[in-house]
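Novice: Go ahead and model the full structure; you've got the sequences and the hints to work with.
Note that the protein sequences, when read in sequence, are chains U and R. Residue numbering for the first sequence follows this note's numbering, beginning at 1 and increasing consecutively. Residue numbering for the second sequence follows this note's numbering, beginning at 1 and increasing consecutively.
Hints were generated in silico from the structure; no laboratory data involved. Treat each hint with caution, since some may be false.
[What the hints assert, rightly or not] Below, a list of computed lysine to any residue pairs in the SDA-like style, where the Cα atoms sit at most 20 Å apart: (1) R:Lys-134 with R:Ser-221; (2) R:Lys-266 with U:Leu-96; (3) R:Lys-181 with U:Ala-15; (4) R:Lys-266 with U:Ala-178; (5) U:Lys-181 with R:Gln-267; (6) U:Lys-181 with R:Val-269; (7) U:Lys-181 with R:Lys-266; (8) R:Lys-181 with U:Tyr-14; (9) U:Lys-66 with U:Met-273; (10) U:Lys-237 with R:Asp-236; (11) U:Lys-237 with R:Asn-220; (12) U:Lys-201 with U:Ile-183; (13) R:Lys-266 with U:Met-102; (14) R:Lys-266 with U:Gly-104; (15) R:Lys-134 with U:Phe-46; (16) R:Lys-266 with U:Asn-97; (17) R:Lys-266 with U:Asn-182; (18) R:Lys-224 with R:Gly-136.
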Amino acid sequence: MRQYSSLRRNLTGYAFISPFIIGFLGFTLIPMFVSLYMSFTSYNLFTSPRWIGLDNYTKMFFDDPKYWNSVKVTFLYVFIGVPLRLIFALFVAMILNTGSRMVGTYRTLYYLPSIIGGSVAVSIMWRNLFSNEGVINSALTAIGIGPISWFGDPNASLVMLISLSVWQFGSSMLIFLAGLKNISPEMYEAAGVDGANPIRKFFGITLPLLSPIILFNLIMQTIGAFMTFVPAYIISKGEGGPMDGTMLYSLYLFRQAFMFNNMGYASAMAWIMLIMIGILTVAVFLTSKFWVFYESEGGK
Amino acid sequence: MVWRNVKWPIYHLFVAALALLMLYPVLWMLFSSFKESRTIFVTAESLFPTEWIWSNYADGWKGAGGRPFMDYITNSLVIVIISTIGAVLSSSLIAFGFARLNFKGRNFWFSLMMLTLMLPHDVVLVPQYIIFTKLGWLNTILPIVVPTFFGMPFFIFLMVQFIRTIPKELDEAATIDGCNKFRLYVQIIMPLIKSSLATAAIFSFYWRWEDLLGPVLYLNSPDKYTVSMALKMFLDSESASNWGAMFAMSIVSLVPVVAVFFIFQKQIVQGMSTSGLKG
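Specialist: Here it is in structure tokens:
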């Protein structure tokens with residue numbers, strides 16, 4: 001009787017989560033294995049896959065400067081864009097962390113760009129802001145710096161892409177804001193009595209207490225940034241130009257798979273991306289014990 | 001003492017100015033959509049049009065690729081509605097299983113689900129495309145909507161967190177009254193987690209409405225194109241340089257997004273603060 005009921009309990013549980021299991025097998029696990037297999041083949045969709053061993057990987061590492069360029073562009077995009085975005089998010093969260101009644105309105109205004117950020121409309125807008133006669137160049141000319149050829153110089157076009165990602169700092173800001181609310185004002189008051197100035201309060205109280213949230217934001221934003229596709233695709237009209245300056249990894253993978261029909265090569269690229277993200281995530285976690293402070297442990 | 005009096009006005013001035021700077025690009029596009037195409041870049045530095053041109057909207061509304069813009073909106077709405085229903089129903093069912101039922105292997109599957117949250121989509125992109133092509137689903141909305149019926153990890157996580165805040169005594173009382181698990185889910189839990197269902201629905205709406213990759217991959221005839229694809233077509237036919245129409249339809253495409261944002265602000269901000277997976 002007892003066995004029967006535990007079997008029934010298990011079956012009920014699996015009945016409820018079965019959509020996830022089926023979906024996981026069908027749309028994630030099996031495709032992942034297929035992708036791993038294909039990464040060792042040459043496959044163009046029309047003829048059957050041909051086993052070529054490690055050729056895709058050796059070509060990628062030793063014989064495809066465009067691949068290394070996409071890695072370089074993506075790393076610059078991630079390692080410049082994500083920290084800037086988080087710093088900006090924290091800065092805005094701190095200036096909004098006051099008792100003012102207007103905070104709700106401000107929070108909405110600052111978050112709005114992030115909510116519309118994923119859309120094609122915003123990428124089109126960004127493209128035009130930076131066009132030769134656009135607003136940005138008018139402003140730069142007015143202060144004597146510009147105009148800059150945003151669509152002629154690969155570095156400049158990457159700056160354009162990074163600035164779009166920094167502009168969408170809203171979700172990190174909201175999470176920081178929630179974290180800041182949890183720091184009790186007494187801590188700052190006590191530090192104030194001890195004669196701490198605002199800078200010391202920031203480095204001594206705010207940063208350590210926020211560090212778990214910084215870790216969370218850092219990991220999520222890094223993974224998200226690695227997969228950025230739409231802005232690069234729209235801003236460069238799918239070409240990744242100028243001179244591959246906006247050829248992010250995802251865009252290059254997309255072009256290999258769906259423009260040149262190199263399904264095997266694209267699969268190999270996807271697996272290297274997965275490994276890179278895995279290594280990065282593990283590295284961040286490993287270093288986190290040196291800079292993330294958990295209150296429950298009662299100090300470092 | 002003087003500082004005390006000027007502190008708040010200076011603060012508000014600074015924060016409001018920064019907010020205006022943040023929103024400037026959006027405002028620029030909004031006002032540019034009322035400028036005459038030829039003058040948009042000549043007068044790029046002045047925000048307001050000297051003369052308000054409404055015909056950009058009529059021009060854009062006529063559409064791109066030989067179809068009225070309304071068709072693209074309809075296509076997008078069909079995808080958004082079907083996939084949102086799929087995502088919310090399946091995710092809540094799965095979340096109930098994870099949060100309320102005790103079964104062997106529950107933690108294993110839950111960890112697996114959390115892992116898929118961090119999995120880069122590119123890894124399954126190519127094989128999924130091949131599978132859907134082999135199934136003959138190309139140029140249909142099936143590859144975009146069907147996967148949503150198998151639960152979205154982000155929504156499942158959100159709902160699990162929410163269900164866990166509901167006291168378990170409720171389940172016990174209902175079970176004693178002879179309620180089975182499915183009725184418990186439909187009649188007791190579902191009504192209580194309405195706000196997290198709404199949050200999931202809102203995010204599902206955003207993701208599908210703004211999605212470009214799905215339509216680019218799977219839809220190849222203009223009669224099935226979504227709003228995102230229509231805007232991309234406007235951009236591709238840029239040589240015609242009908243900037244005004246393109247900006248006008250960009251604004252149109254953002255109207256539902258911004259409207260939903262202002263209506264459900266509280267919900268969105270809460271959902272974001274507790275999870276933070278988007279943007």
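Novice: Is Lys-266 of chain R close enough to Gly-104 of chain U, meaning Cα to Cα at most 20 Å?
Specialist: holds, 9 Å
Novice: Under the criterion that the straight-line Cα-Cα distance not exceed 20 Å, is the pair Lys-237 of chain U, Asn-220 of chain R satisfied?
Specialist: OK: Lys-237 of chain U and Asn-220 of chain R at ~17 Å, within 20 Å.
Novice: With the threshold set at 20 Å, check whether the alpha-carbon distance from Lys-181 of chain U to Val-269 of chain R stays at or below it.
Specialist: Within the cut-off at roughly 14 Å; holds.
Novice: Given the hinted pair Lys-181 of chain U and Lys-266 of chain R, is their alpha-carbon gap at most 20 Å?
Specialist: holds, 17 Å
Novice: Sort out whether Asp-236 of chain R lies within 20 Å of Lys-237 of chain U, counting only the CA atoms.
Specialist: holds, 7 Å
Novice: Below or equal to 20 Å on CA atoms is what counts here, so check Lys-134 of chain R against Phe-46 of chain U.
Specialist: The hint holds at about 11 Å.
Novice: Is it true that the CA of Lys-66 of chain U sits at most 20 Å from the CA of Met-273 of chain U?
Specialist: holds, 15 Å
Novice: For the pair supplied as a hint, Lys-181 of chain R and Tyr-14 of chain U, is the alpha-carbon distance within the 20 Å limit?
Specialist: Within the cut-off at roughly 12 Å; holds.
Novice: When you check the alpha-carbon spacing of Lys-201 of chain U and Ile-183 of chain U, does it fall within 20 Å?
Specialist: This hinted pair holds, its Cα atoms lying about 12 Å apart.
Novice: Going straight from one Cα to the other, do Lys-266 of chain R and Asn-182 of chain U come out at no more than 20 Å?
Specialist: OK: Lys-266 of chain R and Asn-182 of chain U at ~19 Å, within 20 Å.
Novice: Compare the distance between the alpha carbons of Lys-266 of chain R and Met-102 of chain U with 20 Å, and conclude whether the hinted pair is satisfied.
Specialist: holds, 15 Å
Novice: Measure nothing beyond the straight line between the CA atoms of Lys-224 of chain R and Gly-136 of chain R; if it is 20 Å or shorter, mark the hint as holding.
Specialist: Status holds; Cα separation ~16 Å.
Comparing the model with each numbered hint stated earlier shows that all of them hold.
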